[in-house]
Amino acid sequence: MSDLLLVPEKRFEKQIKETKEKDGIELSILNLGPTHPATHGIFQNILLMDGEKIIDGEGTVGYIHRAFEKIAENRPFYQINVLTDRLNYCSSPINNTGWWMTVEKALGIEIPKRVQYMRVIIMELARIADHIICSSVMGVDTGALTGFLYVMQYREKIYEIYEEICGARLTTNMGRIGGFERDWSETAWRKIDEFLEEFPAVWKEFEDLLARNRIFMDRTIGAGAISAEKAISYGFTGPNLRAAGVDYDIRVQNPYCSYEDFEFDIPVGQNGDCYDRFCVRNAEVWESMKIIRQALDKLPAEGGYHADVPDYYLPPKEDVYNNMEALIYHFKIVMGEIPVPSTEVYHSVEGGNGELGFYLITNGSRVPYRLHFRRPCFIYYQAFNEIVKGRSLSDAIITLSSMNVIAGELDA
Amino acid sequence: MSLTNEIVQQTLSQQFTPKVENFHIEHDMLAFEVKKEASFEVIQFLKENSGMNFNFLTDVCGIHYPDYAKDRQFCVVYHLHNWYDNVRIRIKVFLPADNPEVESIVPLFAGANWQERETYDFYGIVFKNHPQLKRILNMDEMKSFPMRKEFPLEDQGRTDKDDRFFGRTGPNC
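Chains R and B, in that order, are what the protein sequence lines are.
Position 13 (the first sequence) corresponds to 594 in our numbering; numbering is contiguous.
Position 145 (the second sequence) corresponds to 1325 in our numbering; numbering is contiguous.
Certain hints may be false.
[Unchecked claim] Under the rule of at most 16 angstroms between Cα atoms (straight-line distance), these lysine to aspartate or glutamate pairs were calculated in the EDC-like manner:
(1) Lys871/R x Glu844/R
(2) Lys694/R x Asp584/R
(3) Lys1314/B x Glu639/R
(4) Lys634/R x Glu602/R
(5) Lys595/R x Glu639/R
(6) Lys694/R x Glu868/R
(7) Lys651/R x Asp1335/B
(8) Lys651/R x Glu1334/B
(9) Lys772/R x Glu737/R
(10) Lys651/R x Glu1213/B
(11) Lys871/R x Glu737/R
(12) Lys1329/B x Glu650/R
(13) Lys970/R x Glu654/R
(14) Lys1329/B x Glu654/R
(15) Lys694/R x Asp764/R
(16) Lys785/R x Glu841/R
(17) Lys1227/B x Glu925/R
(18) Lys772/R x Glu744/R
(19) Lys686/R x Glu1206/B
(20) Lys686/R x Asp1208/B
(21) Lys1314/B x Glu607/R
(22) Lys591/R x Asp1265/B
(23) Lys1272/B x Glu1334/B
(24) Lys1329/B x Asp1278/B
(25) Lys1272/B x Glu841/R
(26) Lys1272/B x Glu1213/B
(27) Lys1250/B x Glu1281/B
Bear in mind the hints are in silico, worked out from the structure with no lab data behind them.
Modelling step: build the complete structure from the supplied sequences, incorporating the hints.
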């Protein structure tokens, strides 16, 4: 049996003994996690250390595995949305919208332009919220708490916008098959405008705090670097891949939700290190704001807030009580009498961390036969041990936060 | 000339028939089946042939089809992506029920490592020559492969459990 199949502690103990006998060097095992502050979630790294230097490591994940794929095989489409919330919970609206688009693709539903633009707005807001957390937490992990507390206020403002749109803040469960559950209120639009007005100055200030800060640069430049070839081989996507210099972005490669209507740049880095990841995320926030502004400008007045698909879109509750047709549709949707073709669909969206894919297999019933989430975190996190091998522990900490590993997405 | 689904299909049929079969387009994506003994070879060809250039492994996952014939009850699905011409393909490899075994593609794509471990963890599909084939999300001591269809979710209405032990009644005693 290969040593790699052992529990990491056993494997490392063996190695410690061998090194002691051979070179007289005393290595030690360090548990980074499951609840280490730098993991920002629950997953563990067992590291073999020579003083401050990491010799080897192994990640053990699955601490918050909730069997989403299994549960999804037993839930109708509209109940799976709450599962997607809990993948990357820093940017739930992207997951929600990605899921609805997968279902719409399978069912062959056309979405009005206005709804698509609204979805773009909410997804870009979610991306900003995601990047706010990741970038500011990098500050925290290098010892600068101020920036974090400062920009966290603005994540709060984004959450207020979510609240206005769907009533929830973190796990949003936003939208329906075909669009949104209700039209956005005046307050929601006003809050978006306010956010766009106030936030740029704040984000500029935050960037100025860290981007050319000597301490921050010393900690992050060159730390946790990965080359473009390695990153592609490991299945990196999203900001982490772009930091390595590859301009791969699903919003451009396979535009969904009318992303082709908007002008925006894809920021790329050069070295794929922590500093580049930080810079790429910061630049993406500016691009997201650009996209939101364009979407607000171009937003069609006509088109409503959902597609006209009575077979799948729940009618308003008042109509269910007063209108025969609405009652019939309501009954059919709730009891699962909706027409579903037997098909296989793969749909992906650019999530906060990279390519978030949904592979849906239906067999004509109202529940998926199989639903697989392509979770970007899970795929790129496996490169972590190789990245930090031979580096110091403090590099590992900052690498972990710069990769933006979200435990919910890691474990499904 | 940029790569299209037709070219992929033609090239593969010329090179590998009868080990590739059942080509069809599903929602713009070319999907086909590969015999299990040729899976590594075909994926290697798709990755390394200069005309094909499928440089990115998007996804690996398993499926269980308990209603299919004995020799094709398990399935490993690979999604590959050619970034240069933006072509995606789906490869299905069907495996027999009693001995689901397929060649690991970790030598081609390092990112397949955990995805294959996940597939093993949930379906019990064995990836030959995988460097570290052990469970990943479930605990090591687990005996069953929970995503197989023979394991249903617990019945929500079952009454044979004593609620007191699950903190579901008022005073937790």
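Between Lys1272/B and Glu841/R, is the straight-line Cα distance small enough, at 16 angstroms or below? violated (31 angstroms)
Straight-line alpha-carbon gap Lys1314/B to Glu639/R, limit 16 angstroms: Roughly 13 angstroms between the alpha carbons, so the hint for Lys1314/B and Glu639/R holds.
Holds or violated: are the alpha carbons of Lys595/R and Glu639/R at most 16 angstroms from each other? Cα-Cα ~15 angstroms, so holds.
Given hint Asp764/R paired with Lys694/R - CA-CA distance at most 16 angstroms: Holds. Lys694/R to Asp764/R sits at ~14 angstroms (cutoff 16 angstroms).
With a cut-off of 16 angstroms on the C-alpha distance, tell me whether Lys1250/B and Glu1281/B pass. holds (14 angstroms)
Are the Cα positions of Lys1272/B and Glu1334/B separated by 16 angstroms at most? violated (30 angstroms)
Going straight from one Cα to the other, do Lys871/R and Glu844/R come out at no more than 16 angstroms? With a Cα-Cα distance of about 8 angstroms, the restraint between Lys871/R and Glu844/R holds, given a limit of 16 angstroms.
For the pair supplied as a hint, Lys970/R and Glu654/R, confirm whether the alpha-carbon distance does not exceed 16 angstroms. Roughly 39 angstroms separates the two Cα atoms, so the pair is violated.
Pair hint outcome, Lys694/R versus Glu868/R [Cα-Cα no greater than 16 angstroms]: Violated: Lys694/R and Glu868/R sit about 21 angstroms apart, past 16 angstroms.
Hinted pair, alpha-carbon criterion (16 angstroms max): Lys785/R, Glu841/R. Please report holds or violated. Cα-Cα ~27 angstroms, so violated.
For Lys651/R and Glu1213/B, compute the direct alpha-carbon distance and say whether it is at most 16 angstroms. At roughly 25 angstroms apart (the allowed maximum being 16 angstroms), Glu1213/B and Lys651/R break the hint.
Going straight from one Cα to the other, do Lys651/R and Glu1334/B come out at no more than 16 angstroms? Holds, at about 11 angstroms.
Of the numbered hints given earlier, the model fails hints 2, 4, 6, 10, 11, 13, 16, 17, 21, 22, 23 and 25; all others are met.
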